[in-house]
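**Student:** Next come the chains, spelled out residue by residue.
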Amino acid sequence: MSNPIISIEKLKIETRNGSYPLVNNVSLEIKKGEIAGLIGESGSGKSLTARAVMGLLPVNMKNSGRIVYKNSDLSALSPKDHRKFLGKEIGIIFQDYRASFTPYIKIGKQITETIRTHYPIGKKEARNQALEVLGKMGLDSERVYCSYPFQLSGGQVQRASIAMVLALKPALVICDEMTTALDVMNGEKVLNYLEEVRKETGCAILMITHDLALAYKRTDRIYVMQQGEIVEEGLPEQIRCQHQHPYTKKLCACLLSLPGENFIINERVNDL
Amino acid sequence: MSLVVEGLSKNYSKNLVALNTISFSAKKGECIGIVGESGSGKSTLGKVLVGLENYKEGTITYNGAPVVPTKRSRLREYRKNVQMIFQDSSSSLNPKLPVWESVLEPLDNFKECSPAFLEGQNLSRKETAEQLLIMVGLDKELAGRYPEELSGGQKQRVSIARALSIEPSLLICDEPTASLDVTVQVQILNLLKDFQKKMDMTILFISHDIRAVTFLCEQIIVLKNGTIQDQFGINELYHKSRHPYTKALIEAASIQ
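First to last, the protein sequences are chains A and B. Numbering-wise (this note's numbering), the first sequence opens with residue 1 and increments by one. Numbering-wise (this note's numbering), the second sequence opens with residue 273 and increments by one.
Please note that the accuracy of each hint is not assured.
[Said to hold, decoys possible] Cβ pair distances, simulated, as ranges: (1) T201/A x K368/B: 48 to 58 angstroms; (2) G301/B x R83/A: 25 to 35 angstroms; (3) G260/A x K299/B: 20 to 30 angstroms.
[To be verified] Partial chain B-side listing against chain A, Cβ under 10 angstroms, derived: (4) E309; (5) L422; (6) S423; (7) L461; (8) L463; (9) H480; (10) A525.
Because the hints were derived from the structure by calculation, they are not lab data. Every residue gets a Cβ at the ideal spot worked out from N, C-alpha and C, and that includes glycine.
All chains should be modelled from the sequences, with the hints used to inform the complete structure.
**Tutor:** This is the structure we're talking about:
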């Protein structure tokens with residue numbers, strides 16, 4: 001439990017022509033079974049950090065610093081070796097669901113193919129696994145299995161792509177704004193399933209989001225990012241009620257309160 | 273102003289009922305939130321009310337006169353008082369026009385309108401547009417720019433300036449903050465709230481963000497599969513007779 005699944009040390013991402021750094025001095029670590037939240041506005045470098053871990057940075061950017069995944073330094077690996085970690089070890093769920101599937105191959109075929117690339121199992125077994133994960137996402141599994149991506153709604157495609165990632169049982173799941181495209185009910189369903197998977201396989205999760213309520217409720221530790229740097233980190237309660245940095249304060253003040261929730265704000269005022 | 277909707281139904285095809293006997297009414301200065309999951313008919317309702325979609329059954333009455341989307345002349349009278357703000361601000365502004373020309377479109381269409389902020393001033397067209405941009409908290413330098421040169425939040429402010437330019441008595445907002453950052457969301461909502469108070473407008477706020485809805489509205493309508501499931505005032509939000517969908521929304525949004 002004590003050894004982190006992934007630890008990022010002093011990550012710095014800059015463009016190749018060497019202007020100012022886009023991400024600077026970012027350090028974070030996630031232990032087994034932990035959910036870390038990375039919050040911040042758009043353009044703060046949240047997604048770039050995730051892409052550096054995946055080795056999927058745009059060609060005109062380079063990273064320095066260390067990204068240690070289970071004792072191996074990912075940033076020192078060649079792109080080819082780095083790729084071997086993707087999928088089975090590190091899974092990523094993107095915000096843009098339209099790019100997750102090839103449009104002219106049925107979803108079921110794409111999921112079974114993905115499973116069989118990483119695990120040596122037969123077609124039938126892979127099919128059963130695929131149907132199972134699709135069902136767990138609250139989808140009509142038989143129908144989705146035989147559908148092309150364009151025959152489904154956006155929310156359904158997003159859930160199918162999440163099912164595909166989780167079917168491989170990765171040790172680290174990176175969720176890049178995964179519920180933004182879903183409506184509240186489906187978002188909850190997907191998050192509950194993610195929670196279930198985490199309990200079952202003990203995977204670590206990096207949750208990139210700008211939904212503060214989600215971060216408060218679902219994560220074990222929150223990192224606040226502003227303009228490429230982590231300005232504050234702590235337990236969700238600390239970030240919510242005892243934040244120190246002015247930017248965190250500004251961000252937290254933006255969470256509108258539900259009626260009857262005002263006592264939290266009063267508490268916050270007392271703390272300041 | 274008063275808006276009364278009675279027994280409104282709309283089908284897209286034989287099998288797809290988008291709206292099923294919707295009835296509600298809105299008084300002057302009221303804020304009504306319309307929530308529901310995707311596919312529940314929220315956006316269709318907005319489009320029908322603004323006259324972008326036709327309807328077959330039911331009636332929409334505005335200030336005692338029925339709104340008939342097929343009669344262009346009557347619709348024009350109605351549309352002068354109703355404006356809409358869409359979720360996707362980048363597709364609601366014409367990419368080929370500089371911002372100030374987009375902002376002036378409603379005023380050009382309804383030349384008979386003379387909004388209060390223009391009274392007694394002899395402004396050129398561009399100056400009028402700049403005034404409108406300043407009104408929504410934008411720099412007047414932005415007037416000459418094109419939509420692609422603005423951020424999402426700025427574009428949404430431009431859409432608001434455009435909608436408010438003819439001082440509508442009814443404003444329909446279809447998820448105006450859904451694609452924006454949290455900090456920008458709050459700014460936009462505050463802006464809407466300020467104008468609502470100042471102009472005493474009626475706002476129909478379509479959203480699935482219960483926090484935003486409770487911030488702005490006093491009345492909430494819950495839609496599901498095209499029917500109204502629940503309708504209540506904001507102080508009854510936690511009442512135990514609330515529809516399960518409302519409860520689930522609150523559950524999902526709460527942080528306790």
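**Student:** Are the hints correct? Go through all of them and say.
**Tutor:** Hint-by-hint comparison with the structure:
| no. | hint | in the structure |
| --- | --- | --- |
| 1 | T201/A x K368/B: 48 to 58 angstroms | 52 angstroms, holds |
| 2 | G301/B x R83/A: 25 to 35 angstroms | 60 angstroms, violated |
| 3 | G260/A x K299/B: 20 to 30 angstroms | 26 angstroms, holds |
| 4 | E309 | 5 angstroms, holds |
| 5 | L422 | 14 angstroms, violated |
| 6 | S423 | 9 angstroms, holds |
| 7 | L461 | 7 angstroms, holds |
| 8 | L463 | 14 angstroms, violated |
| 9 | H480 | 5 angstroms, holds |
| 10 | A525 | 6 angstroms, holds |
Violation of the numbered hints given earlier is confined to hints 2, 5, 8; the remaining hints are satisfied by the structure.
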